[in-house]
Amino acid sequence: MASIVVNRGLQVIGKRASNVTGGTPTTGPIQTMAVDDGSTAFAAGQTTLLSPGNLFDLSFDATPTRSSQTISHVATVPTGSGNFTIRRISLHNGTTSSVTGGSSFLVAGIDGQSLTKTSDFSMTITVSLTYTSS
Amino acid sequence: MKQRVPLHVEIKAQVWASPGPEMSLTELVEKMHALGNPVLKIDEEHNRILVAYLEGE
Numbered sequence: 001m002a003s004i005v006v007n008r009g010l011q012v013i014g015k016r017a018s019n020v021t022g023g024t025p026t027t028g029p030i031q032t033m034a035v036d037d038g039s040t041a042f043a044a045g046q047t048t049l050l051s052p053g054n055l056f057d058l059s060f061d062a063t064p065t066r067s068s069q070t071i072s073h074v075a076t077v078p079t080g081s082g083n084f085t086i087r088r089i090s091l092h093n094g095t096t097s098s099v100t101g102g103s104s105f106l107v108a109g110i111d112g113q114s115l116t117k118t119s120d121f122s123m124t125i126t127v128s129l130t131y132t133s134s
Numbered sequence: 001m002k003q004r005v006p007l008h009v010e011i012k013a014q015v016w017a018s019p020g021p022e023m024s025l026t027e028l029v030e031k032m033h034a035l036g037n038p039v040l041k042i043d044e045e046h047n048r049i050l051v052a053y054l055e056g057e
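So the sequence lines, in the order shown, correspond to chains A and B.
For the first sequence, position 28 matches number 28 in this note's numbering, and the numbering has no gaps at all.
For the second sequence, position 13 matches number 13 in this note's numbering, and the numbering has no gaps at all.
There could be a bad hint or two in this list.
In the EDC-like style, the derived pairs of lysine to aspartate or glutamate whose C-alpha atoms are separated by at most 20 Å in a straight line are [said to hold, decoys possible]:
id: 1; chain 1: B; residue 1: LYS12; chain 2: A; residue 2: ASP120
id: 2; chain 1: B; residue 1: LYS41; chain 2: B; residue 2: GLU30
id: 3; chain 1: B; residue 1: LYS12; chain 2: A; residue 2: ASP61
id: 4; chain 1: B; residue 1: LYS31; chain 2: A; residue 2: ASP120
id: 5; chain 1: B; residue 1: LYS41; chain 2: B; residue 2: GLU55
Everything labelled a hint here was simulated from the structure, so no lab data went into it.
Owing to the predicted nature of the structure, the values given are computational and were not obtained by experimental measurement.
With the sequences and hints as input, model every part of the structure.
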């Protein structure tokens with residue numbers, strides 16, 4: 001299992017913090033979570049979801065929150081969606097439907113999971129990024 | 001002058017499952033076992049089950 005903020009995500013975070021405008025990567029806010037059944041591990045140089053197979057992308061339930069150095073992003077996969085074996089969870093700074101293919105909005109991801117989702121239940125996923133200097 | 005400052009980003013995730021309208025929490029626990037999903041914690045107050053607590057390596 002790997003969890004990673006990809007290089008592109010680090011660039012987005014740095015650009016937003018220092019208000020660097022223009023150029024790539026685009027610096028919209030992290031606003032989309034995606035779950036998919038791809039088995040490809042995330043890598044630092046990745047800028048989009050690779051080989052997602054089944055995929056469901058969704059907006060957050062609410063604006064992300066901060067507690068100390070931790071930023072939390074929460075999204076709920078409803079009963080009728082995402083009904084496959086969830087193997088990866090990812091964050092993107094683009095809108096839903098812009099998480100794969102030629103879109104380059106990947107910020108961070110967790111791979112190597114195996115959670116089977118069915119229409120009997122919903123799943124609420126919280127992804128937290130904690131920044132530390134030690 | 002170049003000064004190297006450590007900066008770490010830790011990713012954590014937790015996943016809660018909540019039963020749909022046709023299912024009770026008890027039935028959902030059975031469903032999770034049948035599916036092979038972990039049942040890490042049962043939160044009766046909020047009618048949900050913790051099925052994943054993920055920390056990056």
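So if I understand the rule, the pair passes when the alpha-carbon distance is 20 Å or less; does LYS41 of chain B with GLU30 of chain B pass? holds (13 Å)
For the pair supplied as a hint, LYS41 of chain B and GLU55 of chain B, confirm whether the alpha-carbon distance does not exceed 20 Å. holds (16 Å)
Straight-line Cα separation of LYS12 of chain B and ASP120 of chain A no greater than 20 Å? violated (26 Å)
Measure nothing beyond the straight line between the CA atoms of LYS31 of chain B and ASP120 of chain A; if it is 20 Å or shorter, mark the hint as holding. holds (9 Å)
Going straight from one Cα to the other, do LYS12 of chain B and ASP61 of chain A come out at no more than 20 Å? holds (18 Å)
Of the numbered hints listed earlier, the single one contradicted by the structure is hint 1.
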